[in-house]
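A.B. asks: These protein sequences, in sequence, are chains A and B.
Add 1494 to a position in the first sequence, counting from 1, and you land on the number used in the numbering used here.
Add 560 to a position in the second sequence, counting from 1, and you land on the number used in the numbering used here.
A hint or two may mislead.
As the list claims (entries may be wrong) - Calculated lysine-lysine pairs in the DSS-like style (CA-CA distance at most 30 Å, straight line):
#, chain 1, residue 1, chain 2, residue 2
1, A, LYS1609, B, LYS671
2, B, LYS671, B, LYS597
3, A, LYS1609, B, LYS597
Claimed, not checked - Partial list, derived from the structure: chain A residues whose beta carbon lies under 10 Å from chain B:
#, residue
4, PRO1676
5, GLU1681
6, ALA1682
These are calculated hints, taken from the structure and not from any lab test.
C-beta atoms are modelled at their ideal positions from N, C-alpha and C, and glycine is treated no differently.
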Amino acid sequence: MSCAGGFIVLPEHFFQRQKKQAHQRRAIDRWFQRIGLLLTLMTLGILGILLLNLVGNGLMRIDWQFLTSFPSRRAGEAGVLSAWVGTLLLMMVTAGVAIPFGVAAGIYLEEYAPKNKWTDFVEINIANLAGVPSILYGLMALGLFVYQFRFGQSILSGGLALACLVLPIVIVATRESLRTIPANIREAAFALGATRWQAVWHHLLPYSTGGIATGVILAMSRAIGESAPLITIGALTFIAFLPPTPVLSHPPFLSFEWLFSPFTALPIQMFNWVSRPGEDFQPNAAAAGLILMLITLSMNGAAILLRKRAQRNIKW
Amino acid sequence: MNPQSASSEVTGGVNQSSTKVRIEKLSFFYGTHQVLKSVSMDIPALQVTALIGPSGCGKTTLLRCLNRMHDLYPGNRYEGSVHVQPDGMDILGPGMDPIQVRMRFGMVFQKPNPFPKSIYENVAYGLRLQGMNKRRDLDERVEKALREAAIWDEVKSRLHQMAHNLSGGQQQRLCIARAIATDPDVVLFDEPTSALDPIATSKIEELIVELKKRVTVLIVTHNLQQAGRISDMTAFMYLGELVEFGSTNQLFTNPSKPQTEDYISGRFG
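Throw the hints in and build the complete structure from the sequences for me.
C.D. replies: Take a look at the structure:
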C-alpha cells in the first residue's frame, strides 16, 4: 500500500477481487429476476390462452338472439336469457343480504365489540368461514333455507346461500377498511361529543366507503361464478321461462313472487352445455363463459377504480 | 407542602383568579397499573396552565381524564373528583355522561387531525352535534371560530375546499377553531405544536395567549420554553404525581422542590 496526497491507495488486485465478489453475490438477484419474470409470464399466458380460447370459440356465438333466447334442444336456437336474468336476480338477493349484514357485523366487531376471548373466537371463525368449500354452503342452504324455512329451490334460497358464502369477505373488507382510519380521527369526533353511532355514521363509514365498496364488488364477483352451492340446492339447468316480474302495473306495484321462482344461472347453464356429448353446444358454452368472464373482469376493474378514487379523496 | 398551598403563594404579576376546575385526589388506573397518584390541583379560570414533566409522567393521562377520553378504551378506572365551576359539575361523578363532559371541554391533539371534509364542515361539526342546523347560525359561528383561531383570512375564500389542502400549521389552527366553535369552558391542548415547524409553532402560541381572554386553557407540553412563554401557571409532574404547582414565574425561577429544579435545569427528563 502506498500513500498519495494523504489517501491510502489500495493495490489494483484488491478492487478486482471486490468487484468479482460483488458480481457473484448479485448473480442470485439476476437469477431470481429471470425466474420471477418467467413465472409471471406463465401465469399471464395461461389467462391469455383461456381468454383466447373462449373468444375463439364463443365470440361469434354472442349476438342479440343468444342474449334473448331461452335454452333449446337445438344449439343454434339456444340462448342465455333465463341464465343471465337468474344471475342478475341472484346477485340482487346476495348483495341485498350480504352488504347490510356484513357491513354491520364488521362495524360491530371493529368499533363496538369488547376485545376478549369470545370476540377472538368469533374473529377466528369468520376467517375460517371464508375458507369453507362452497359446496358446504350449498348443503347448509339446502337443509336450512330449502327445507327448514321452506323457501324451496328458489332464487331466494340461492341468493341466501351465496350471501352466506361471501359474508366473511364483506366483514373482513369492512373491518380492514375501518382499521385504516387513524385513531386520532375517531378521537377528534369523540372529543367534540359524538356518540359511537355518530362517529360511525358521520365519519367512519363515509371515510371507508371506497374500501368497503371494493370488498363488496370482489365478494360479488366471487359469488357470480359459483355453481356448486346452486346445484346443491337444486337450481334447474333447463329453464324456459322468466321469473315473475318485480314491478306490476297495478297496486301494490311491487311483487316479491320472483324470489320464490325456480331459476338457473350463467355458470350452471354453461356447465350444462359443456357436459353435453357432441360438439354442437360447445360454442354456446364458450359464449356463456365469455360473458361470465367479462362481467367478472369488469367488476374487478370497477373495484380497482373505486379504490383509486377513495385513495385520492382521503388523506390522513 | 401540598400543591394547593404552592398555588396559593402565587406572586410575580399573576392575577389571583377564581378556580375553573378543581381536581381533588384524582387517581387513574390502566388495568391494575396506577398512572396517576392522587393528584390535586386548582386550575384557574381564563388563564393558561401548563403541564410539564418527563415522558410517562402522566401529564397527558391527566389531560385526557378531564374530557373522559379514557372511557373510549376498556380497562380504565378513575378515582377522586374533578369539579367544574361555577356549577360544580363533577366530571367523574356517578351517572355523568362523558359526552356531556366533552361538550364543555374542547380538545386539540398532538398531530393536526382535521376530518377529511371541507374546512367549513370541520368547524361546523361540533355545532351540528349540538343540534345547530340553520345555515345562517352555522355560517356566523364558523366565521367567528375561524377568526378567533386566527385563520379566517387564510381560508375565507376556500371554506368549502378539503381541509387537507392546508399546511400543517393551518390544519392545527383549524382544529383549534373546531374545538372552540362550540364555546367550551376549557380547551385541552395535548402538545399541540410538537408536529409543527417553529413559525407555525409561534403562531399557535400567540393564539393560545389570545384565547385565554375567553376560555380556560390547559396545555401539555414537552417544551419548557413554550411553557415559560405562554403559561400563567405551571404544574410539574413526575411518576404520576404532581410534584409542584405554582405560577410559571415562580416555578421556573425559584422552584421549591429539588426535583422540579433538576428537571427545569435539564439535569433529567
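A.B. asks: Could you run down the list of hints and mark each one as holding or not?
C.D. replies: Hint check:
no. : hint                  : result
1   : A:LYS1609 to B:LYS671 : holds (27 Å)
2   : B:LYS671 to B:LYS597  : holds (27 Å)
3   : A:LYS1609 to B:LYS597 : holds (27 Å)
4   : PRO1676               : holds (7 Å)
5   : GLU1681               : holds (7 Å)
6   : ALA1682               : holds (5 Å)
The structure fails none of the hints (numbered hints given earlier).
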